[in-house]
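With the hints as constraints, model all of the structure from the sequences given.
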Amino acid sequence: MKKSTLIILIGMSALFMGSCNNTGKKAKEAAAVTANEISTEAATEQAFDPATLPEEPVFEIKTTEGSMIIRLYSETPQHRDNFVKLAAGHYYDNILFHRVINGFMIQCGDPESRTATPEQRLGSGGPGYTVPAEFVTGLTHKKGAIAAARTGDAVNPEKASSGSQFYIVHNPETCRQLDGNYTVFGEVTEGLEIIDRIASVPTGTADRPVTDVRIISVLPVL
Numbered sequence: 171m172k173k174s175t176l177i178i179l180i181g182m183s184a185l186f187m188g189s190c191n192n193t194g195k196k197a198k199e200a201a202a203v204t205a206n207e208i209s210t211e212a213a214t215e216q217a218f219d220p221a222t223l224p225e226e227p228v229f230e231i232k233t234t235e236g237s238m239i240i241r242l243y244s245e246t247p248q249h250r251d252n253f254v255k256l257a258a259g260h261y262y263d264n265i266l267f268h269r270v271i272n273g274f275m276i277q278c279g280d281p282e283s284r285t286a287t288p289e290q291r292l293g294s295g296g297p298g299y300t301v302p303a304e305f306v307t308g309l310t311h312k313k314g315a316i317a318a319a320r321t322g323d324a325v326n327p328e329k330a331s332s333g334s335q336f337y338i339v340h341n342p343e344t345c346r347q348l349d350g351n352y353t354v355f356g357e358v359t360e361g362l363e364i365i366d367r368i369a370s371v372p373t374g375t376a377d378r379p380v381t382d383v384r385i386i387s388v389l390p391v392l
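FYI, in the numbering used here the residues of the sequence shown are 171 to 392.
A hint or two may mislead.
As the list claims (entries may be wrong) - Straight-line C-alpha distance at most 35 Å; calculated DSBU-like pairs for lysine-lysine: (1) Lys232 to Lys329; (2) Lys232 to Lys313; (3) Lys255 to Lys329; (4) Lys255 to Lys232; (5) Lys312 to Lys329; (6) Lys255 to Lys313; (7) Lys313 to Lys329; (8) Lys232 to Lys312; (9) Lys312 to Lys255.
Because the hints were derived from the structure by calculation, they are not lab data.
What follows is the structure, given as structure tokens:
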């Protein structure tokens, strides 16, 4: 079955996701193997115990561009619990911000990005399930809002969310039309300047940053 790329829509139109020598190829392959080994080792034990977290857990998302502090909303429990489960299992460690649109949003959560080659098209990876939409009045696409990516209405009329991909709002004006169409389940409470920094990096094909921007870790702030 052909994979669907997870996209974020504006109004009626979609923003589409948007040769090496032998030495370079071997270096890339070695890096991919190392990343896989690290991920496998990390997955053998949980990063934290989800049972110890409060109703609205706070996390530090550490990236190669700096750290953001986020809070997950109790009003969207299915998305909150899913994010907590994935973070506890090191799911987001070493994953790329694979789609960055300055003045719109920054997107991540595709596990295939962990070992992706520079030319690889990303945006279709996930844990193999979706999360039912949880639209809550008052939870809007303000700057720093965290919302779940999803496939388009034509193949996903229920507006179910990706099991792992999410985006962080850079500009609320351009994201306003997403309210009520994409589940907002958290917000950045500290480190809004990191969103600006990531949003401003040079990008290439399919809005992927030319130089990788990675999540290093996602850990609770207790």
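Tested hints:
For the hint linking Lys232 to Lys329, the alpha-carbon distance of about 29 Å falls within 35 Å, and the restraint holds. At roughly 19 Å between alpha-carbon atoms, Lys232 and Lys313 fall within 35 Å of each other, so this suggested pair holds. Distance restraint check for Lys255 and Lys329: the Cα-Cα separation of roughly 22 Å lies within the 35 Å cut-off, and the hinted pair is therefore satisfied. A hinted pair counts as satisfied when its Cα atoms are at most 35 Å apart, and Lys255 with Lys232 qualifies at roughly 17 Å.
Distance hint between Lys312 and Lys329 is fulfilled; the C-alpha atoms sit about 20 Å from each other, no more than 35 Å. Under the criterion of a C-alpha separation no larger than 35 Å, the hint pairing Lys255 with Lys313 is consistent with the structure, at around 25 Å. Of the supplied pair hints, the one linking Lys313 and Lys329 holds, its CA atoms being roughly 22 Å apart against a limit of 35 Å. A C-alpha spacing of about 21 Å is found between Lys232 and Lys312, which places the hinted pair at or below 35 Å, so the restraint holds.
Our distance criterion of 35 Å between C-alpha atoms is met by Lys312 and Lys255, whose separation comes to about 25 Å.
Hint compliance for this structure: every hint is met.
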